[in-house]
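**Q** Residue numbers (the numbering used here), protein chains in the order written: chain A, 1 to 210; chain B, 1001 to 1193; chain C, 2001 to 2221.
Hint data in this document are derived by calculation from the structure and do not stem from the laboratory.
In this text, all values refer to a predicted model and were calculated from it rather than measured experimentally.
Backbone N, C-alpha and C fix where the C-beta goes; we use that ideal spot for every residue, glycine too.
Misleading hints may appear alongside valid ones.
Claimed, not checked - What follows is a set of in silico ranges between Cβ atoms, one per label pair, in the way DEER data are often shown:
id : chain 1 : residue 1 : chain 2 : residue 2 : range
1  : B       : 1061      : C       : 2146      : 36 to 44 Å
2  : B       : 1132      : C       : 2095      : 19 to 27 Å
3  : B       : 1099      : A       : 19        : 35 to 43 Å
4  : C       : 2195      : A       : 134       : 44 to 52 Å
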Amino acid sequence: MKDNIMQVVKLFIVCVIAAAVLAWVYGFTKEPIEKSKKSETLDAIKIVVSGMTDQMTIKDSVISLKDDTAKVQSFIVMNPDSTVYAYTIKTYTSLGYGGNITMMVGVDTSFEITGIQPLEYSETPGLGTKMTREEFKSQFLGKSLDNFKFKAQKDGGDIVAITAATITSRAVGDALERGLNTLISNFKTQSDTIKSDSVAIDSAITGEAK
Amino acid sequence: MVKLIILAIDSMLISNIVLMRFLGICPYIGVSKKQETAAGMGFAVIFVMVMATLISFFIQKGILDPLNLGYLQTIVFILVIAALVQMLEVTMKKIAPALFDALGIYLPLITTNCTILGVAILTIQKNFNLVEALVFSFSTGIGYLIAIYIFAGIRERLEWSDIPKPFQGAAIGIITAGLLSLAFFGFTGLVKL
Amino acid sequence: MNVLKKLFNGIWTSNPVLILLLGFCPTLAVSTTLKDAIGMGFSALFVLVGSNLVISALRKFTPQKMRIPIFIIVIATFVTIVDLLLYAYFFPLHKSLGVFIPLIVVNCIVFGRAEAFASKNSIIDSLWDGIGMGLGFTLTISVLASIREILGNGTLLGIELFGKSYSPVIVAILPPGAFMTLGLMLAGMNKININMEAKRKAREKAEKEKSKQLKASVANG
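All chains, full assembly: derive it from the sequences and hints.
**A** Written out as structure tokens, the structure is:
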């Protein structure tokens, strides 16, 4: 009986020490973790919006996708004088070969694409994942809903599909088209007069755009 | 409803836990010499997987999240699984001796089967709700059963074939698993989530 | 000498993956690129060394009946430390290793060494055992990842090797390719060991014969 109690006490001691050690490690890694989470989004924004400077601020808001109930994150890059420099949206599609594809799309104030960046996907390595390459991504630069059909050439559109990965290429087109539509329906009417309080802003990431 | 069915097919076949996600390979190679034992292991995995996923789901939502102790997830989950397996062994022996005779010997092996912890963690990472968690863990378990049962069938036949010496044992086993994985690759693109 | 022998033991003679057949899951899953493989290897090395040290230091304190829960707690603590550190300071690596970091807890290499070695040996010996086994794991997974990355993607550490005209053997980076490449590596290792064994036997036989002849010639002379 005494042995049993000793065993439980020893186990308990080990537990307490383990928890204390972990609490300590968590304490000093907490901030860097928050930072890396944020910087992932920030890095993506910086890739898709060209020519960002330190003085610009980023506001994030949650908007609903057009023809869909899902909510997505959108980020507005503001000039120092509170005019809009660019919009970005975290759009997604469920038509990928391996399921969902999430990507960041950046547009300028005339809603022409300035950059795209796939974030999360499970496409076939070596085939579908070629969508992350410059050769594929660059074909969308400067394109908008007016001057580009976001369908694969096979389906009568303008997208030059990745060899042996037509499904992925179609999915990218779907994500982009929906993202652009959403941005336009949410922001276009007010694009010239937008002020920081004219859209639903949940929180602001400021001063991080290095 | 459609979404749940798709989730079930996906976790059973398309993203098969062993052949596509590479979890639980050790028992997969170790307990697959006979179809009978393979089936026993498969059913034991289904049983423990569903129980462990549900319990760890409630612990995460009820204790770890409210108290902001997310970083203790790994340590808590593995202890819960170890304790669960022990308790199952004891209660099963008393309440359902027949079931214990069938599955009992596989239970201790399951603590170190990474599918259980893997599915429990994936459920949290993928932000599933309770129903989805239930479907996900159950169909993943079925996927494990399918994979290990087919594999054992192939290995029973391999017993009688003349294998070059360097390939005997685990080497041919792993290569066979590779061919099976290639076959399962045919399911990719079957449904879209 | 002794230390070298111990390291060699972990890397070759009882290589955790290829000889002891432990830790297949991370070996297969995290070997699509060499970079991820090295990251995984060193994470496991850290956990192995840490848990070996602590478990060895606690070997007199640990009651026999409670040893498994105590091992689990110690290992899980080190795994969580690695998880947090990678998350904080190596974010992209943390993302690509994904669920396989927490799963180091159930990596049979770590648990196996705790049970079979660290709980019975001195701290120094356990330290070297952990380093040797960790290096053995890292090297194996790195070799596998190099083969898969070169064949399947035409790159190594992200550097393009063959230029645009190379069309990659895509199956090598898909799950089936992982199984098959590892299977061939296992067979290769067996082949080398079988050959070495045969050579050793032949040498012994030759030496025996020589001494026999020598004895015979002495007797005759």
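**Q** Hints broken by the structure, by number, lowest first?
**A** Hints that this structure does not satisfy do not exist here, as all of them hold.
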